[in-house]
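Let's have the full structure, built from the sequences with the hints guiding it.
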Amino acid sequence: MTRTSASFAAFLLILVFGSGISYWVYDRQYGELVADGRSQLSVARVAFTRELNRLFEPGPAVYQTVTDARLTELPDREVADFFFAIATGPVQRIQQINGIYIGFPDGRFLQVQDLLPSGRSDAEGRMTRRVIDDPAGQPQGHWFAPAKKTGRWREADIPSAPYDPRSRPWYEKALASEGGVWTAPYIFASSGSLGVTYARTLFHDDGTPWGVLGVDLSLSSLSLTLVHAAETLAGFGELVFATDLAGRMLAHPDLVHAKPEERLDVEAFLERYRAQDSVERILIETVQDPGAVEVVAAGTADYLATRAVLDPDLAMPISIYLAQDMDTVLADANVTLIRNVGLLFIAIVAFGTISFYVVKLGVEVAARKKAEAELVEARDTAEAATRAKSAFLATMSHEIRTPMNGVMSMAELLALSKLDAEQSSMARVIRDSAGALLTIINDILDFSKIEAGKLDIETVPFSLMETVDGAAEIIAQRAEEKGLGLIVDIQADLADRRHGDPTRLRQILLNLGGNAVKFTEQGDVRITVRELKDQGQSQRKGWLRFEVTDTGVGLTEEQCGKLFQPFVQADQSTARKFGGTGLGLSICHRLADMMGGSIGVLSSPGEGSTFWFKLPLEGDDGTVPSPEHDLSPARVTLAGLGPGETEVAARYLRAGGVSDLVICGASGPDPAPADLVIAGLLMAPEDARRLCKPGGALVLCAGRETLAGLSATVKAAAAMLLAEPLTRPKLWRAVALALGLERADEAADGRPDLAFAPPPLDEAREAGALILVAEDNATNQAVIRKLLSRMGFACEIVGDGRAALAALEQGDGYGLLLTDINMPEMDGFALARAIRERGGATGNRLPVIALTADAMVETETECMAAGMDACLTKPIDSKALGAVLASYLPEGLPLRRGADIGEPGAEAVMPPKWDREIFDPASMEEAFGTFNDEAKEFVLSARGVWGGRIEEIGEAMRAADHGAARNAAHSLKGAALSIGALRLGRIAGEVQDALDGDDEVMAGIMAELLHPTLIEFDETVQRIF
Amino acid sequence: MGNGDFNYDLMSVLVLEDEFHIRKLIVRLLREIGFDSIYEVTDGIDGMKELLRVRPDLILCDIHMEPMGGLKFLETVRSLKTSEVANLPVIFLTADADVDTVLKAKELRVDGYITKPFSLAHLKIKIDTVLTEHAATSGD
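Chains D and Y are the protein sequences, given in the same order.
The first sequence begins at 2 in our numbering and counts up one residue at a time.
The second sequence begins at 6 in our numbering and counts up one residue at a time.
Keep in mind the hints are simulated off the structure, nothing from the lab.
All C-beta atoms in this analysis are idealised placements derived from N, C-alpha and C, irrespective of residue type, glycine included.
Check the hints yourself; a few may be wrong.
[Stated by the list, open to error] Only part of the chain D face toward chain Y is listed, based on derived beta-carbon distances under 10 Å:
(1) Arg498
(2) Leu711
(3) Trp915
(4) Glu918
(5) Met1003
(6) Leu1011
(7) Glu1017
Written out as structure tokens, the structure is:
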């Protein structure tokens, strides 16, 4: 009973205390809300300023356009045409522009205006042009107006006085100033409305004036803009008006609402606000300081008022006054106050009630403690059950994984086949979802394996550097997608050969690295490996500490504690944002445990996290990585890399024996020219190039995608491109390259696989390494022959399947057949089937490789079904062909001869620029080694038959013979693509596709485009040959 | 990529503009930005043909042209069956800032809208923005 009355007393006390606080808050809030009124007004001021700058923007914008158009460089006779082309649109369409004109120092004048000066003319519309091209002879100039019906400009008879731009205020004012000038506001003679002129001088290159541009802006829309802006800013409907800097009224909302006859004389209308007792007059006189908000007593009311001045560079220099009635400010404030006090009262009552129940709850705590003991027991039982469940999951997950792999590979095949947009997006969703599901299942599988004690840790020798670098390469890809840097920092003097479980080490690194990338929005992810020494214990030998540091969101202490528990993510919302099972870290934890190590995290919110783990990985002495060559003679400069990356790269280079190493900072003099400059993209490649000595090498470092996106010129300037992360092998190789100890990447420029000559036919036949080619198209025959001989293979070519079969029957010595699919007489499929039937008897299986222009899965499937071994698409990719030959015709490799190819490049000088889709010389360069005269002649002779093909297509289409049209299109496609006429080939392919899809209309449209495209090809080829 | 560093010289642009002088100005500004392959036509019908023929990376288009104007052209482009052509980035370049026109253009998923007079800087910023957005939406 006493407890209840004590609670009641406490409740009363709180109520009294709370009321006190309420009053205090009321008082405080009152002041704050008046301040709010002030800040609202300031916000409104900024918004108005922006809005009005926009109103005047067309003035400077027209000037910019005229400058960009470089009228000053045009011959005099073209100036007028170009000027009118630029100026007519704006005068016609932009409400506030009344006219645009240019006056010249010799008195000539060009003008576009949207009102007739005299108001009377027989011309339609309101636009006029005036040209004064003979100031002495005809000082009044010629007038032009659009004709009634056609809209064409015609000379119009408009009586007018002589006009000399040089004597006008805008002209004189602009000449006297370097930048743009605004005239004082005045009444336009043409329309009677209030306006202002923006004028600016246009200069010749030598600095003499070429002319003065003038833009007339009407201020009648100024009042309208004020009203619109006031309406858009909610709650601000009070008082806003504009004056010039002398305080003369220029615009007022009343003007918008005024009667039309009042608007005729703007000046007279605005006169009324100059009366001594008008609110406007008082505000103009009181509010002097631009930007300040003041309380002004005017007439019967108080106002909060402020004044803004427009930036003279962007707009005409005028003042804007904004004022708000104090009663309105406080009315709003009162509503807020009453609401706040009400809320506070409710909060106090609620708080009192809750306190009361808290007391009551205290009694029940004792009872709960007992219940907890029971819970512990229950948990132990449950954990046992969990282990059993994990064992079950381990089995189940494996069972799920097998069919999931099936789903994924089928979805991938599906995505490759011919689908419409919706179907292929569906296929992509299947593949992506299946991938995501598989990751989750893998996590669960690993985790449950660990839980069930079924995961084994192995101890095998492995390379520390390769394992860590390898994991980093995988993370690098994801990091680059998010724009993050990735630094791999392995202590350089560590023994490389270690004993442990590289698979699990990689798994932990990938997991921590993947997380770091996932939760970091900007900055770097850094993987560090150090030997653990600080314990000072000898048995600690071989312990390594790995760290993955990011600059991401960071974690609170509480989150850190929960992190390694299964199914827990730092924050439940991260699961929604980033996905994942929350098992990854828990798996890392178990793996580290099982390998005899430990794992942990250092982090604070907002400052990033460092996940670390230490493992006992015993190393073999004497296996510290070192470069193959002596790198000490090299002088190397590092430039344009981030500080962390620079530091690590420098350490790696020194470890490789480079002693003459300079780090080039952002400032300071350039260092002595280096043999090798390793540069990141923080420095422009041209600047980095300058740090090289003549003949020195420049190596550019960046993410793989970024490197791929560099322009060809930049790529060409670099001796080598290094994809980040920078590792020891990559850096050392760059140095060896610069010293000439190694050659540039084989895959990069030189194509050693194309530097061969074929053996004589007999020799190839004897070795059973002769290639038979079945191809009906003469162009393709030549391309294939050329390509094969450059690869060092001898071949015989026949025109169709039947001839191929005959050749095979007559002689042997053929080691491989390359066959086109579409051929007259006997096509590729039939040929392959015939060979397989016949070959079954002899037992000597001839590899058959299809060449097809249709890169479709169905085609490939059909090839396989016909008994072929592989399928190559046209245009033939020499690398793919090389790979196929190496695997199906290894006998041919030893027969290849070295070729005497002259230094490429000497005669391959190309004229500068054309659209590579019209003609891409790459395939010819590949076939002929360089784009020489022979290649050019070849292109021209191949092109000779295309015109006929195009006619054939047209005729067949007109005769509605779709089969013939399709075949002709197909043949044109193949021939054009082989030569490098990519656009022509693509369009021919589209004709074929449309016909295949029975889309006659599209086929017709595309077929018509063939001829102009052929002409375009001819013109381009003529220009560059 | 992302911040406006495009290999303009590897891209092709199609310009639809009936006014000779304006077209020449646009082409000159495009060359200044770095484009080399520029194809010009004077109305929407020729524009369609050239679009199918060239498959440009970017289209700059006037609105008022005869016989086929810019809005009709855009509508036709967007209704094409091949999605890679139908979704090509189109920027309107016009003196017509009429609200109805702008709304109609928005409805047809125009990628950018520049009102004349336009400056070099303005044009480049707009083109970069449109290309960046286009790369982002067609990338995944």
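TODO: Would you pick out the hints that fail for this structure and give their numbers low to high?
DONE: 1
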